[in-house]
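> So the chains spell out like this:
2 protein chains.
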Amino acid sequence: MLEVYTWEPNANSGKPLLMLKEKGVEFAYHYIDLGRREQHSRAYLELNPNGTVPTVIHDGRVLTESSPTLEYLDAALEGPALRPRDPYLLWRMRWWIRFLDRHFCPALAMFGGAGASRAMPVQDAETIERQVKDIPIPERRRVWRLIMAKQVPEAALEESSRRIGAGIRLFEQALAEHPYLAGSEFSLADIVAMITVYAMPVIRPEEVNDRKTPRYMDWFRRCHARPGTRAAFALGRGWVGGRVAEARKLLGV
Amino acid sequence: MLEVYTWEPNANSGKPLLMLKEKGVEFAYHYIDLGRREQHSRAYLELNPNGTVPTVIHDGRVLTESSPTLEYLDAALEGPALRPRDPYLLWRMRWWIRFLDRHFCPALAMFGGAGASRAMPVQDAETIERQVKDIPIPERRRVWRLIMAKQVPEAALEESSRRIGAGIRLFEQALAEHPYLAGSEFSLADIVAMITVYAMPVIRPEEVNDRKTPRYMDWFRRCHARPGTRAAFALGRGWVGGRVAEARKLLGV
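For the record, the sequence lines run as chains A and B. Counting in our numbering, the first sequence runs from -13 upward without gaps. Counting in our numbering, the second sequence runs from -13 upward without gaps.
Excised from the complex, chain A in its bound form:
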């Protein structure tokens, strides 16, 4: 049995969930509650010493880093192929995954971090250090220290906002060329994008709407209507539900 250790169907956590629902492959879903910081628990760190989600186990092999893992699963499992066969379209798929992983998702995560920061109680430095000490990756430790200390820099939010705006224009442009990000078929690029931006029409209504980004809106409608997408979001235990429902209502799907 395929084992998936991850949080909600959201961003990196959600990539294997959405993909496996699209492929129609059964798996055991081990919920790792990021709210309770279970990804830094001793048991989880034994599985994945970096304390990142998701971790996938297939045939006794432990796979981490979600985008390379998706390519592995697409090659190793039954079900519809989620990668184009044409080398150029494959390049395009990987170009998009790279853009999303390096630019777009981190920019969105910056806003997620700022929101988490605002919601936090004021804590003294000692309490913060006690909480961050189990985080194995130093760069993640630093980010969490800033979030807990309510010190997410304004300049970082401005730059993230700019990147999101640039990304939205890029989506619209790409979807004017092809119905999906890497050609005429739904692919891993759409999976990585959709699980990350599914609520964008709700979050950025002035920039993402039928007048300014008709192709992007059409892509959202097609993706939100897919049975695989619906099944993946149905796995959520609270975090994604409200935003998915709002997005569907706004899109009329």
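Residues on chain A that point at chain B, a partial pick, calculated with CB under 10 angstroms:
{"#": "1", "residue": "LEU49"}
{"#": "2", "residue": "TYR58"}
{"#": "3", "residue": "PRO73"}
{"#": "4", "residue": "TRP81"}
{"#": "5", "residue": "ARG84"}
{"#": "6", "residue": "PHE85"}
One-sided and incomplete, this derived list gives chain A residues near chain B with beta-carbon spacing under 7 angstroms:
{"#": "7", "residue": "ALA61"}
{"#": "8", "residue": "ALA62"}
{"#": "9", "residue": "ARG80"}
Hint data in this document are derived by calculation from the structure and do not stem from the laboratory. All residues carry an ideal CB built from backbone N, CA and C; glycine is no exception.
Use these hints to put chain B onto chain A, whose structure you have.
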């Protein structure tokens, strides 16, 4: 004819050069002189509006972003396959490329930037703005502004140094499991790594040496001895030559 627009056989610029020499495929090498900032010239920006190197043209298709481009070229061209066929080893190859692209290369580039910064004349803000205004990507513009203003932050250098140290330990660990990064065969992971770290034994002699990292040193010797590697470095017009020669001398190859 395959067209490659790029700078020296070094880091991202060098990836297609090393790969094409390994595959034994002929190509036209259009040298883009980063020292003269030709990547921001009008002619080059028409080809690649982001002003990044390399840009590869194959069958009339313009390919950017070096790592996805390498996978495309491996699928589209003749010559020895540079990707393992086993899905798990492919995952491992992509895991390494991702790690190098996201963590290791940017950390090394930070030192490159600091070196460039030290070598620069003191310039006033207006002169700096005049120079950075053609850089199309805002995040690159910001980095260059810091470099030109001699303001590369000390904390960024410290963090980069830590990442390089952690990366060196990861290389040694991976090469204890397999002779190459993604198994028993030389692959794109080794190409991306080698073109980036080729001078590491010279740059970090206290950490990278036969006593502390015997497997990594052995990998350097095997990679530096490859005809493809030698042919790729021979394409350099000055920048890499000295460091390659020093590394070979130290390694005795």
